[in-house]
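Q: Turn these sequences into a full structure, and let the hints guide you.
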Amino acid sequence: MAAVVPRKPLTFWERLYLPAIWAGFKVTLRHFFRRKVTMQYPEERWVVPEGYRGAPYLVRDQDGRTKCVSCQLCEFVCPPRAIKITPPGPEVDPTTGNVEKRPREFEINMLRCIFCGYCQEVCPEEAIFLMQDYSLTGTRREEMIYNLDKLLALGGVHQDRIQKWKQKQREAPAQEVCPPVAGAAPH
Amino acid sequence: MSTVPSPAPNSSPTPALGWTPPPRPTGAAAPAIPAPPAVDTLTVTVNGRPVTVPRLTPDWQGKPAPTTMLQACAAAGVSVPHYCYHHRLPVAGNCRMCLVEYGTPALGPDRQPLKNPDGSLVIQKSPRPAIACATPVTPGMAIDTDTPGVRAMREGVLEFLLINHPLDCPICDQAGECKLQEYSVEYGRAASRFVETKVHKPKQVDLGPRIMLDDERCILCTRCIRFTRDLVGDDALGIVHRGSYSTLAAYPGRAFDNNYTLNTVDLCPVGALTSKDFRFRMRVWFLKETKSLCTSCGTGCNVLIGSRENVLYRYTPRENDAVNRSWLCDFGRLNYKWIGRADRLRQVRVRGEPATWTRALAELAERLRAIPAGHAAILASARLANEELFLLRKLAQHLGAETDIVPRHGEGDRFLVHPDKNPNTTGARVLGLAAAPPGANLPRFAERLRAGQLTALLVFGEDPLKHGFDPETLQRAELLVVSDLLPNGAAELAHFVLPGCAHAEKRGTFTNAHGRVQRFFKALEPPGDARPETEWLGELWERLTGERASTSPERLFRQLAEEVPAFRGLTWAALGDTGQDLPDGPPPPER
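Chains A and B, in that order, are what the protein sequence lines are.
Numbering follows numbering that gives the first Met the number 0, with no gaps: position 94 of the first sequence is 93.
Numbering follows numbering that gives the first Met the number 0, with no gaps: position 503 of the second sequence is 502.
One thing to keep in mind: the hints can contain errors.
Incomplete in silico selection of chain A near chain B, CB under 7 Å [said to hold, decoys possible]:
| hint | residue |
| --- | --- |
| 1 | Glu42 |
| 2 | Gly63 |
| 3 | Arg64 |
| 4 | Val68 |
| 5 | Cys70 |
| 6 | Pro86 |
| 7 | Pro89 |
| 8 | Pro93 |
| 9 | Gly96 |
| 10 | Glu99 |
| 11 | Glu124 |
| 12 | Pro178 |
It is worth saying that the hints were derived from the structure and are not from the lab.
Please read all numbers here as calculations on a predicted model, not as lab measurements.
Here a beta-carbon is modelled for each residue, glycine too, at the ideal position from N, C-alpha and C.
A: And the structure:
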């Protein structure tokens, strides 16, 4: 059973109406002289805090090598299945230098991406990072599927401490002479 | 570490766990050994649990050999980690991963086993561990696999194996099915203690036409060497250099190119040997595994199809002692690419015009009804499943049509490859669709077509133009029906083109050359309009006769077993994963 709550009749002061209007204007007037809080988006932009999880992009190392090795762990872990990687296949790509494996194609469907950061967390090569872009726009759905080139261009350079492929290049001469020639100094 | 007393309240050697010896491998490479008349057993204790095992177990050749501790552990349900041991290969005992602690019954001065007050045997622990894969069990032996000592040994062995192993798991194709990775999770250290420079061995070594070797990843278990030397008989691989520079290599100047090289990729417990075909194409954990059969020859090797999102990536052998054991030939393994070809037939066509199945089958039934008995011929294929051939047999009987198949012969070998290159010649023969010998009717069909005695020719899965028919002859047929997977010349001339399915796109059974009926399952969706042959053949039968026909392979197989004497007693369910032999064996060869 619904209980009937009788409405309290307005007092004479309330029925005058103008005092309430005046009270409202007072609030407006007060804010008129305060510091502005409204941001003129998109002309004005918000300062994105450190550690913010925006859109995931791929990075290169200092020498311009693609860090992603197409292990597909991000594809595996991605909850909305936004990532699709095409592995390189058995043919050796001579243009990649000593990079043994890199993705032939890497697509992130930004319409599906939920910016959860699992891809960054799972990546064993530190090749994908959630960057600060939070407002991705496009006029067509296909535009929102970012491919390898676009992701690499947006991701930029990661200051990599390990530089795996550079290290491998240093080790490569040792592989050429295995086992070391007798009498040669051990490396 | 105390000795493990036998917890059996009564010391009588009653079996604690039923254990039956694995079926002996049969086939060309392993001669049949007569089974020992009565199984002589002994009881050992594994982690305190008594288990009764036979004294002798078939070894890799099927010959009786003393049962090893590893086999006893397996019988007790205890898995012992190992790399070099493989039940189909000779024992090498070089990886040391299967080290276990053990003890034997202590003997008194009278050479009789000493007993504890509770009647259990007094175990005298061995001062050193032993490798479980190569140490035979003795009566009363106590094996311990879960002591801190065993764990420490496994950790130690693994640390040694990982010294020069690269941290390549994100790149390595083996990741996900790598024993080294698995045991590293269980027994590995989080951080390496190795401060010296790692030995860098050659990478991306081109070992043969189908194999790429990464020597850095190799743990020198020699499984590949033993396989190719002892099973294939091609002594192509070996280890060169010494110590930490030991390197797997092919014999200088010789390519590792026998027809069984890709089995070494399966055998390799790490990612050292990789298939050039599968390399870097897909991570293994994405692959859906479907039980299927290889269709490249009459052997009918059992395979697992690895597919993802309707793309077939690889075949891997599936164990079947009666057929292929654990192996697969390279030709069969790589003969899958036609399934995903872009030019597969995907459109039902009636006289060249695209049509729907309903319209095409209705019209075809009408046309077939108008054909007088004896004026039709069915050219079936021995690449069709038993169930499809059974429906074709019914169709042939209804139409009074003559039938035949296209025989395919090639080179065979003593290991797996059969000279008959059709997967189901035996099925076609016992179902009466093949002429004697198969293919004998083909010239007669052409003759009768030319003479105008044959008005309808129904072709399933074959291109008659490649088998003695010329286009003019085919054009003489009033009704030419072609069902195939790939475009062929006859399909261009056909009045009805009905796209069929590859074996990976449907379910069914094949009867291999030795008379073994085996099932295969669906891994992929057929392209376009293509439908499994059983479905539309059943529908055609219904339209032709008004009689309901079952279209599911299970029901068809049941009917087949009821109606065809050669299949009597077989059921779809009882075929299981490894199949069953025809009750009377395969029909005698006729050639």
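Q: Now look at each hint and say whether the structure bears it out.
A: Hints, verified against the model:
1. Glu42: violated (43 Å)
2. Gly63: With Cβ-Cβ at 19 Å, over 7 Å, it is violated.
3. Arg64: At 14 Å from the nearest chain B Cβ, Arg64 (chain A) fails the 7 Å test, so the hint is violated.
4. Val68: holds (5 Å)
5. Cys70: Result: holds, 4 Å to nearest chain B Cβ.
6. Pro86: With Cβ-Cβ at 5 Å, under 7 Å, it holds.
7. Pro89: holds (4 Å)
8. Pro93: violated (13 Å)
9. Gly96: It is violated, given that the least Cβ distance between Gly96 (chain A) and chain B is near 13 Å, above 7 Å.
10. Glu99: holds (6 Å)
11. Glu124: Holds, because the Cβ-Cβ distance from Glu124 (chain A) to chain B comes to roughly 6 Å (cut-off 7 Å).
12. Pro178: Holds, about 4 Å.
In this structure, the hints that do not hold are numbers 1, 2, 3, 8 and 9, in rising order.
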